Amino acid sequence: MRTTRLVVPAVAGALAVAGLTGCGGGDDKQDAKTDGPIAVKASDTTCEVGTTEIEAGQVTFAVTNSGSKVNEFYVYAAGDRVMGEVENIAPGLTRELRVELPAGTYETACKPGMSGRGIRGALKVSGTAATVAPDAALSQATASYQRYVQSQTAALLTRTEEFVAAVKANDVPKAKALYPVARTYWERIEPVAESFGDLDPKIDGREEVVEEGMEFTGFHRIEKDLWTTGDVSKDGPIADQLLTDVKAIVARANAERLTPLQLANGAKALLDEVASGKITGEEERYSHTDLWDFNANLEGSKAAVAALRPALEQRSPDLVAQLDREFATVENVLGRHRAGDGWKLHTDLSKAELKELSDSINALAEPISKVAAVVAR
Amino acid sequence: MSGPGTDGAPRGSRLSRRRAITMAGIGVAGVAGVAAGAGVLTGGGDHAVATDRAAGAVPFLGEHQAGITTPAQDRLHFVAFDVITKDRARLVALLQEWTAAAARMTAGRDAGLIGAVDGVPEAPPDDTGEALGLPPSQLTLTIGFGPTLFRDAEGRDRFGIADRRPAALADLPHFAGDALRPELSGGDICVQACANDPQVAVHAIRNLARIGMGVVSVRWSQLGFGRTSSTSRDQATPRNLFGFKDGTANLKAEDADLLREQLWAQPGDGPDWMTGGSYLVTRKIRMLIETWDRSPLAEQEQIVGRTKGRGAPLGGTGEFDQPDFAARGDDGQPVIAETAHVRLAHPGQNGGAHLLRRGYNFVDGSDGLGRLDAGLFFIAYQRDPRRQFVPIQTRLARHDAMNEYLRHVSSALFACPPGVRDPADWWGRALFS
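Here the protein sequences come in this chain order: A and B.
Residues 1 to 377 (the numbering used here) make up the first sequence, in order.
Residues 378 to 810 (the numbering used here) make up the second sequence, in order.
If we strip away everything but chain A, and leave its shape as in the complex, we get (with noise of 0.2 Å):
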């Protein structure tokens, strides 16, 4: 959490865009353009798409998980940025993805313990590739990071409503597990949730923020007890209040629309965090999770500056060079923590290793801290 909110003053009303609606992932008005939906057969170690060359339009996938561990399913287009995704898909189960995809060349991705840059194949689109025009690209970049958004809040609620139940039912072993990934789906999003300053803190505050009359709930409290006594037995409350406010703020950040220059400015906010909070082992204090919240704040930044990137490529190819280059170096960074599908701990990290990774994200923020007055030009 952070204590000052994302403030985008004056400029944002001029640069708000127009006549965005209907360029969400509406499910509605789906034509069947292609013959039935394109199958994709997900495991724990493989990623089957069944047709790689297809028209551009509207395309639909079925993504079948028949391995043990929950998947997710992406189409991206060129530096990650994210043209569709479905996520949270149970072993078992079969999940839609409806996109919308211009010709051109992408990637499929199924992301198995929804980690990592998952398994990842080529997608050709092919037709007659429209050039956007610079505005249309700043008005994409909105809708697109909305997609995002409504798939990251979709997850959250469900994680969240996982890892209540497992508090209620007083089994700890599991809402630990549950707690780092539930949390995932927060961080991605954090300055979008952020911006609702009322829910913000009874979600996400940490013990020292917390003023006098006002109780320390949410996220951290339940962490607190399950790190420190081990006993949630009394926390049914508090699980109710927690998910009550993640319904709240879900619903919110569901019909938030973020204009270009705000996504620039949560691109940098989300390594703000990753800097302040996560770096130092302040944020999971009991435990420990630093580093799962570290991924996910740096994939958000990744996934709004992947929004904004065809306006950043007409405006500024220097600058998207730079930031691919700094993005990867953190990937490889950080990378090399990981513990099976998530993260080793902070406390298990050497100090050095702590200097790496902070040396690696102010190479990144530098840039990022520069696109904003691109967006804004």
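Derived by calculation from the structure, the hints in this document are not laboratory data.
Every beta carbon over 12 Å from chain B, so not counted as near; a handful from chain A, in silico:
| hint | residue |
| --- | --- |
| 1 | Thr60 |
| 2 | Thr64 |
| 3 | Met114 |
| 4 | Ala169 |
Below, computed lysine-lysine pairings styled on DSSO-like, alpha-carbon distance capped at 30 Å:
| hint | chain 1 | residue 1 | chain 2 | residue 2 |
| --- | --- | --- | --- | --- |
| 5 | A | Lys344 | A | Lys168 |
| 6 | A | Lys344 | A | Lys355 |
| 7 | A | Lys355 | B | Lys463 |
| 8 | B | Lys463 | A | Lys370 |
| 9 | A | Lys355 | A | Lys370 |
| 10 | A | Lys351 | B | Lys463 |
| 11 | A | Lys176 | A | Lys234 |
| 12 | A | Lys344 | B | Lys463 |
All values derive from a computational prediction rather than experimental measurement.
Note that CB positions come from ideal geometry on N, CA and C, so glycine has one too.
Here the structure of chain A is known, so what remains is to put chain B in place on it, guided by the hints.
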């Protein structure tokens, strides 16, 4: 990138915001050390001149780097960087960008071309702003290259310059009693910022570190608040935290022959890129203040070999009297003890080896046991550490009575190239060309 020339030289047409604010603040005195007339208006002739000079700018371009024989300023911010890129081109680009920023900041201007407050509202300013309204304050920025820039710990030639490492840049040996902390020692590149205003020195290092993100990472840094040496005969000898005058026998800017012989690398000494440069040794020396303060005056003076008041060598009367190391007292003992600091460190006792010292006192707060975390950040420039610092420190480490009150916790060695000659030149050009 064309080097600092295009943007580093002062421009007549466009004043930076910092310069404009500064000039308004100082009024007619100006910022470039223009003393004429200022005395009349401020009513305090000499004082006004001195103030002006302290506020003015030290030229950035020159045969040698500024910040070595420049009269020692009052404040220090010293930083050592690790280079974290493997890409030589990025390192070179940074050195060029740094040179341009250093040229601007030493002239009292903002670090970036746009400045702290003149950019678009959506962009972070390219200067951090805390020096707005402050004069140049004789800021000097001096760069040096450490042994690890040439080869890493595994012996790899990191940037294709291993064959250009000067023999004089040999790793320092372990000295008796060294309690060095690796994380506070060494470094691939250093920058010494000295200024008469601490905010100006900190501003310079902060902005250079920011420009360097992704290419370099700050390894350690040190603030110093009071100079402990004079590098010019115009300056009075200051005191260190033991309360003694320090640096009486220092090399001084006026000693032209000695500087050639003892300070500047000469043609044929080593690789050409260092000719006109100098080798820098830094040592962070923690002083055990509380136990020192409890020791009797006579013992303190015996340990130093000088009087505490005037700084005269024992047996002499004036600060600049030559110490008489042969003199013996009524008891038959040497007047200046065999283990006295001044005897062991004096050029006359070290085959004529001099150092140009420009160290600073430091206090890093307290140490958790209620003791002052304080001491001397020793800085010494020389032509060849193998003939100067190393033999002197070897003797001191073995015999100096003062060691009881000292802990050397940090050590570093750097090759400081000659000055940036002209607007097209940049820090390290000869090394990387």
